[in-house]
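Protein chains in written order, with the numbering used here: chain V, 474 to 833; chain U, 474 to 833; chain B, 474 to 833; chain F, 474 to 833.
Keep in mind the hints are simulated off the structure, nothing from the lab.
Accuracy of the hints is not assured; some may be wrong.
The list makes no distinction among identical chains, and a pair is therefore deemed to hold if it is satisfied within one copy or across any two copies.
The calculated lysine-lysine pairs, modelled on DSSO-like cross-linking and capped at a C-alpha distance of 30 Å, are [to be verified]:
1) Lys-502 - Lys-635
2) Lys-608 - Lys-823
3) Lys-566 - Lys-635
4) Lys-551 - Lys-694
5) Lys-540 - Lys-694
6) Lys-494 - Lys-735
7) Lys-566 - Lys-765
8) Lys-545 - Lys-682
Protein chains: 4
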Amino acid sequence: MLAVTVNVKDRLLEIRDVDRKGKGNVLLKTLRNGICGTDREIANFKFKYTQPEEGEYLILGHEALAKVISVKDEGLFKENDIVMPINRRGCGKCLNCILGRPDFCDTGLFRETGIRGLDGFMREFFYDDAEYLVKVFPGIEDIAILAQPLSDLEKSVEVILKIQERLNWRCWDSTYSCRKALIGGTGPIGILTSLLLKTMGFDVTMMNKREINEVEEEIVKETGINYYDNTKGLGSLEGGFDIYFDTTGYIPLILDAIRLSKRNSIIALFGFPSTDIKGDFNSDLLFNIIDKQIAIVGLENGQKPHFERALVHLATWKSIWPKTMAKLITRKVKIEDFEEVKKAIKEKGKDEIKVTIEWG
Amino acid sequence: MLAVTVNVKDRLLEIRDVDRKGKGNVLLKTLRNGICGTDREIANFKFKYTQPEEGEYLILGHEALAKVISVKDEGLFKENDIVMPINRRGCGKCLNCILGRPDFCDTGLFRETGIRGLDGFMREFFYDDAEYLVKVFPGIEDIAILAQPLSDLEKSVEVILKIQERLNWRCWDSTYSCRKALIGGTGPIGILTSLLLKTMGFDVTMMNKREINEVEEEIVKETGINYYDNTKGLGSLEGGFDIYFDTTGYIPLILDAIRLSKRNSIIALFGFPSTDIKGDFNSDLLFNIIDKQIAIVGLENGQKPHFERALVHLATWKSIWPKTMAKLITRKVKIEDFEEVKKAIKEKGKDEIKVTIEWG
Amino acid sequence: MLAVTVNVKDRLLEIRDVDRKGKGNVLLKTLRNGICGTDREIANFKFKYTQPEEGEYLILGHEALAKVISVKDEGLFKENDIVMPINRRGCGKCLNCILGRPDFCDTGLFRETGIRGLDGFMREFFYDDAEYLVKVFPGIEDIAILAQPLSDLEKSVEVILKIQERLNWRCWDSTYSCRKALIGGTGPIGILTSLLLKTMGFDVTMMNKREINEVEEEIVKETGINYYDNTKGLGSLEGGFDIYFDTTGYIPLILDAIRLSKRNSIIALFGFPSTDIKGDFNSDLLFNIIDKQIAIVGLENGQKPHFERALVHLATWKSIWPKTMAKLITRKVKIEDFEEVKKAIKEKGKDEIKVTIEWG
Amino acid sequence: MLAVTVNVKDRLLEIRDVDRKGKGNVLLKTLRNGICGTDREIANFKFKYTQPEEGEYLILGHEALAKVISVKDEGLFKENDIVMPINRRGCGKCLNCILGRPDFCDTGLFRETGIRGLDGFMREFFYDDAEYLVKVFPGIEDIAILAQPLSDLEKSVEVILKIQERLNWRCWDSTYSCRKALIGGTGPIGILTSLLLKTMGFDVTMMNKREINEVEEEIVKETGINYYDNTKGLGSLEGGFDIYFDTTGYIPLILDAIRLSKRNSIIALFGFPSTDIKGDFNSDLLFNIIDKQIAIVGLENGQKPHFERALVHLATWKSIWPKTMAKLITRKVKIEDFEEVKKAIKEKGKDEIKVTIEWG
């Protein structure tokens, strides 16, 4: 069967015939893969943690929609169910992994499909265990692939809300309507975070260092999210902000956010550093964090409960913001078009949001 | 303008011309009202807490979808927005009411539109304050009226999950997939609770003391919820249950549930007593509660955050379970058909789930 | 070595020479045992769950203060440390037991030292594993034995506070000063619960169906706890109550408490049924639970974190309420006085609070 | 009556006769004041937020033990009760202040006695409202003054534990025994934090950039807290750490802590910047925060519930660590010794931990 493989040693990205279906009680046929930034870093041999499950090549892919072909033990799944596999797998040693929460693995010995230590989902068939599969509701198969990146954000928002329980953070009407969320970056992560926080009742502003583009304009119009062009910094952003959610990894912007955020706010760091540009951690910054009692938190990886919630929210958005949802998957590439697929994996297209690989 | 009014003293249910639009910054035009069991009790003069806002008659109605006609202060809403008004209003004295949570009013001095102390929404126009209005997402206007009863259940499930945080209640995969919820009663409340818990990942069984009917069969088929006929009690229900959610108010069933529920389970009591049939609170029952560390909790009323979540879930269900959603509003009556409307308010129809009154 | 053993089959309570020290990395010498109601039920062959670890007799005792004699693996403990062993041990199968919380064992397959399936601590020496031992701070060895029953109450109060997080339950000054706790029963459990809730800032009333006795009067005077004689019911208790904590197992009193408790209150059931007197679970009771949104919860067993907190509170009380603390251990019996020990285990003495067995 | 006053404009620190007793229902006589770093900054005219309640001088003092002289409305307090006044008072506008939690004031318009906008407690008598007074348990009057700084740390630890609820942070025995806390700085704040975390079951190391001194050696011996000399950095600290609690405000040390802390750890920032030495916020630091999902949080000010808990813990420590407690108040100065008092307020003594002013 076909698979997309990476050989770091020989610097090869190939689509070729392999015979590695993995292990597990459920046999699955891949319907679609999503491509994300980590895939691109791996495929361009820039990701330092790439690690094959065995041998010299790794099967790529951590975003997948799949169909159940057969099930060894009857139980949670049956033939033809549409499912999504979760991508991070526990170390088997720490309590968080035992509790099904390898996103908070204490040892750092977790593995990730298509990234480190486990073959990924860019292959025609694979076996997996039922505990790692999430059932996809009918009616949202077209956009369900977004549940993988969205699961990370569901977990992120869960953490943000938990941290803010340190105080009374709800407004006079007991909603979050008075709390302003600023999202740095308008890539897929920035857009999905904006949609999620808007759905939860926040006053949301998404932000980029340029004028709003056409797609963003349509999203803003349909959803009521605001747009802010931060070319001249954050200073003129009306009303301040209670959450700054960073997807850019751009340190000067993060420091600016710490300085300008409101009392009791939270700075959520999701985007890995994007450049080597650094900033000063000085007395003023430290004073700001303490005096305003700011919380800053690093965030990554969602697990099964977050996939479940991601699917619920995708279904919501399909009903209420259909135009926005129709814009998020910007291109579909057929697996048969080898060169197209490889190019899509290697390079980000212009104005691309999410690109998928389609399997027959 | 027209309004549905109740005069308890003279035992009158009337649709007639009134000039009472109430107070507030936003003028609203009613689009639709839902009718529920409390309306029927009031309209049949059996509800003991009925209390007019002023004078001798009360304008009925606590479930409404409305359109914004004009707004005094620009802000959260604008003309033509579709909104739902929340129905319980705080006492202004206790902390829970000040926090926007009159559902947990400490004094019992709260008021409820169309029920006690405040005119309701069965009138052509009314004024209200922005803080009591919830914006309805586009695309779900047809089913949004269900958000009022559903808000009570969103609050109920919030309380259930909070109470169960007393232990580790999540399963090995960190979801609720191993937790079984049993819902007593298949009226609108029972069905909505079943849909909600299913969406949140529970293994859900809805239950009635008869064979499954046609609508229930379709719901079961589309959603994966189970059905149990408890004619012969709960004893043969496979695998026990971790939540028993009662909408029946039938005491022998509640006692049976306490006896048969699993260790660390929760008994959620939502349905007011339906008959005078009682049961024994005996040593066996007390032993069961302590030895199994069961929690039992009374539940009522959702507030603004629960309306918001209810609208999110209705939008989800419209995408994933469209057939089920199409069955829940079983009849629409036009306000012009005075006798039809009064009959619908007075009597529950056969196989009725939710009946609405449509305003021009 | 000596041990107190029970043979249910032959109805024998004996103090005799045995050679059963159990297993574990730490060898311990028993300094003191506490005697509680469960010991008495076992010793009078009335407890239905009594189960030896092996053979026909069970070594009694689940409350102990002990000294470390030797440690196989150096680590948490060293020679001469004073420790308390925890008494409930997990099933090894469910997540709660794996998390060190067998108090919420899902399977019911847990074991309890000196009660079911495991030999107890009424023996001169025993082995145990470090994970089941709690280090006792210096300076409180005289009263530390109370940490075993108190641990159950630390857990109970933890659960109560968690359940009440369903609403804003704190007062205007963000303490619990406006929340009234009523404790039914003034045995050791009732007194310890009263002290604990008083320490946490509640307005506490302890209650018995008789006039206050001398010891209670001294406690009331030193601590500021109130006393209520409920001979004529709960009706004349000023200001109502937000917690009713039952240690009596007397059902008519529990039902009265549900009827008279305040909105949003909690009924905590700790005392197992004491008689077969029962009451009605009727419409009025169900209406009360729902309309006032009362939570009712069964409570039992504390674990290691609760032992730790119990020791902290005992140390607090020794500083602030020394007279009260001096009254709680009412009698000490030497293990050498066989008949005295057996009598103390079999029968509760007049005005007894806590009786201990002293080992050389 | 006498008072310690500061006139910033004329740069005067005086002990003199004033006639300003303030307002409130309770008249109090000051027994003792504590002196802290903020007092010193104010008294040396270096604190930029100093603001009189009225006129040109401010009465200093935010740490006090006082006796109730008279009470206008009978209620929570009676004559001769020993109490502590809390020092931060709400803005009256935001929800956190209304909830009695001005420590999380959203507006920043709170006031602080003896610091900004309100006269302080360094005066013979003052009036205050009952809601701002915390009753001191008998038996700990000698050390109760420490409850003011300790209240800030009780709040800090509450926030730390809340933030760490984002994951399962408890150990296999459900305590915190496997979690290592590192405390930077061994001033009164560092010592009290160490004692508090040790009491709560953490493995605690206190740290300073020098060899351990005599007092610290005695504390280490009595309490089981560890000491670490970080002259050569944090690298050789065995086993890493899960909490770094900073009281130093020294940025290079904070950055080192972020780099070396364990996965899922928390960096608690309590000490305001102590110098202008800064560090780099670079890619490596950002990567560390995200990849290890570190939380960083600014912390300040405890409120009434935290004073209550502080008093409980002081009482605990008096029982279990009497030698340590006897060392914390290093000097007492009588108010009559004007020059001594002024000197004590202006300058920190050698090896001083806490200095108090004694009022007749």
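Against the structure, the hints:
1. In this assembly of identical chains, Lys-502 and Lys-635 lie within 30 Å of each other by CA distance neither inside one copy nor across copies; the values are 37 Å within and 39 Å between.
2. Taking the shortest Cα distances, Lys-608 and Lys-823 never come within 30 Å of each other, neither inside one copy (33 Å) nor across copies (36 Å).
3. Within a single copy, Lys-566 and Lys-635 get their C-alpha atoms as close as 25 Å, and across copies as close as 25 Å, so both meet the 30 Å cut-off.
4. With identical chains, the CA atoms of Lys-551 and Lys-694 are at most 30 Å apart between copies only, with a shortest distance of 15 Å across copies and 41 Å within one.
5. Taking the shortest Cα distances, Lys-540 and Lys-694 sit within 30 Å of each other only across copies (20 Å), while inside one copy they are farther apart (36 Å).
6. Taking CA atoms no more than 30 Å apart as the test, Lys-494 paired with Lys-735 passes in neither setting, with 51 Å inside one copy and 35 Å between copies.
7. Taking the closest pair of Cα atoms, Lys-566 and Lys-765 come within 30 Å of each other only across two copies (17 Å); inside a single copy the shortest separation is 38 Å, beyond that limit.
8. Within a single copy, Lys-545 and Lys-682 get their C-alpha atoms no closer than 52 Å, and across copies no closer than 36 Å, so neither meets the 30 Å cut-off.
Comparing the model with each numbered hint stated earlier shows that hints 1, 2, 6, 8 do not hold.
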